[in-house]
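Asks: Listed below, chain by chain, are the residues.
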Amino acid sequence: MSFWCSATGAAWTWQWRAYPGVWLFIILLALGMWAWNRAGARAANRRTRPAHPLFGGGLVILWLSLDWPIGALGAGYLASVHMLQFLMMALIAPPMLVMGPSPDAVALLERPGRGYAVLRWLLSPGPALVLFSAIVLLTHLPPLVDVLMATQVGSMVIDLLWIFAGFIFWWPVVRSAPALPRFNYPLKMGYLVLGLMFSPIMFGLVAFLVYSTTPLYGVFELAPPLPGITAHADHQVAGVLMSIGAAVVAFTGLSVLFFRWNKVSG
Amino acid sequence: MLPLIAHRWSLIAALVLVACAGDGNGDARYRGVPLPAPMPTPSFTLTDFNGQPYDFAAQTRDKVGLLFFGYTHCPDVCPLHMANIAAVLRRMPAEDRARVVTVFVTTDPERDTPERLRSWLGNFDPTFVGLTGSRAELARVQQMLGLPEAMREFVGTDSANYFVAHGAQVFAFARDGNAYTIYPFGIRQEDWSNDLPRLVKASGAEIRRDLAAQAKSDKLSAQAAASTAEENAMVITNAVVAEPASMDEAAAYLTFRNNTPQEDTLVAIAADVAVRAEVHETMGEGESRHMMATATLLIPTKKETKLAPDGHHIMLVQLKKKVVAGDSVTLYLSLARLGAVQVRAPVVPYSELEKFLGMSRKE
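Heads up: the sequence lines are chains A and B, in that order. The opening position of the first sequence corresponds to residue 6 in the numbering used here, with each subsequent residue numbered one higher. The opening position of the second sequence corresponds to residue 79 in the numbering used here, with each subsequent residue numbered one higher.
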């Protein structure tokens, strides 16, 4: 039994496999959010509020992306499914996960102290955007992917980096605290456009995946093949998924922001 | 303005990826594993999937002949090799493509009927040739190439459900009729893209010259890094040959200490005193004790891999001359990552094997 999905070199079968590390991670996330909300409620001398229902939705999407079959296929067989995992872990689940902490829990971030100051800095738009872009680039570099995906720990590192990057990227868009009074709706929409639609990193990755004459990632090129798709076509599908997926997520985010802005100003 | 800025930064991002991934073109080095010595095209005739005799040497004369042994029920190595070669051939100019002949010899003649071979290979490239024959014929051809005979590994009690352990390397015979490089599993399309066009265009002399320059450059690099060579090198020690009791075969032993950060694979062996050399594994105990040839030997990173009595060892088969204690044998090893390595091994009486430890060679 493996605790996390990674490239194994074994031929793919549709036989279910257990990945207890994934289940443990999801449970820990849920417990961690509950603990954060409880700490916030205690500090504010109020009753602990449950996490927003969207947080539960984010957890489900995370679990689906990490566990069999998506997790296993994406870890060791298909670059396109690996890209689907990236979309789910970094772009779709995080805005829902960010809804998890209650206002009292978020208020804890305003506390004095170096640690809290670092957290506030990480969750502010500029550093979040830069860090998100850097992590996206780093975790898609072929030598790094080929080495990390071959081990469970390496694969877990990539997955956790995506979740972390997505969480800090979406925080300034979804939450208004720590206080960022000047980060208004038009700026949030521009931030989304820059991060997802006009991102030079995404452009570069998509271009290379779609137009490269040879497959980018050895771990997927040399994986036991699945019928119906060549390694090259798989990589191209990955590029198209990234391009369209990021655009769809961005448009959805832009729409939500626009309607909220309209509601607030109207 | 934004799209222009994004475009400029995209170019930088793409360049970073290109630098990391590479495209396999314009590389001065051959990506295949150099053979210890040029291997002439083997002379054999098997039956193709049209039921006709196929003379491999005649059909590949003045062409690049890619020869691979596999089976169509293979879940990974065989379809990957065929798919990668086919993908690269599709991108080559038609005139270059016409000078490459890809031949797949089945190691599973019972299940790989001519119709199945034709259909399976046709999925990759309709020009790929599939060959079959009797088990004895196929074993003989594999022996010609220094490969152990492919063995069936049954799954459970179902006699129709089995894997076939076979050599995983593609032999590339250049237009002069010699193979200078082999391509083990792990070779990627970018590697084929680099080597195949060169093999098509280069003469044997040019290939030999380029590989010699490559070997010299590797040696210089190794010397330049000598201060940390021991910590980051493949160290081969305890090479020794046991004095044989007969003229037929002799056993050789050595130890790999892989201090490099990556695993390596021993893909081919030759010896100056034998027609061929193979890695064998001693299995079973007592009456069931027997030796089994293995196609390759994995050498894990940061570990010691011993070829020793009662385990994996090297068999020197069909000795060319009588070998006695006091002689010295040259072993030619081909490693997938390290390349070609020569090791001198003294011949010692079997009773004194354990005494002769501590001879070392650093790579």
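Some hints could be false.
Claimed, not checked - Covered by chain A, per the in silico footprint, the following chain B stretches (three or more residues, Cβ under 8 Å):
#1 150 to 160
#2 420 to 429
As the list claims (entries may be wrong) - To give a feel for the contact side, a few chain A residues facing chain B, derived at Cβ under 8 Å:
#3 T218
#4 G233
#5 S270
FYI, nobody ran anything at the bench for these hints, they're computed from the structure. Computed from a predicted model, the values in this text were never measured in an experiment. Just so you know, even glycine gets a beta-carbon here, dropped at the ideal spot from N, CA and C.
Asks: Each hint: holds or not?
Replies: Here's how the hints hold up against the structure:
{"no.": "1", "hint": "150 to 160", "in the structure": "holds (count 4)"}
{"no.": "2", "hint": "420 to 429", "in the structure": "violated (count 0)"}
{"no.": "3", "hint": "T218", "in the structure": "holds (6 Å)"}
{"no.": "4", "hint": "G233", "in the structure": "violated (11 Å)"}
{"no.": "5", "hint": "S270", "in the structure": "violated (25 Å)"}
Hint violations for this structure: numbers 2, 4, 5, all remaining hints satisfied.
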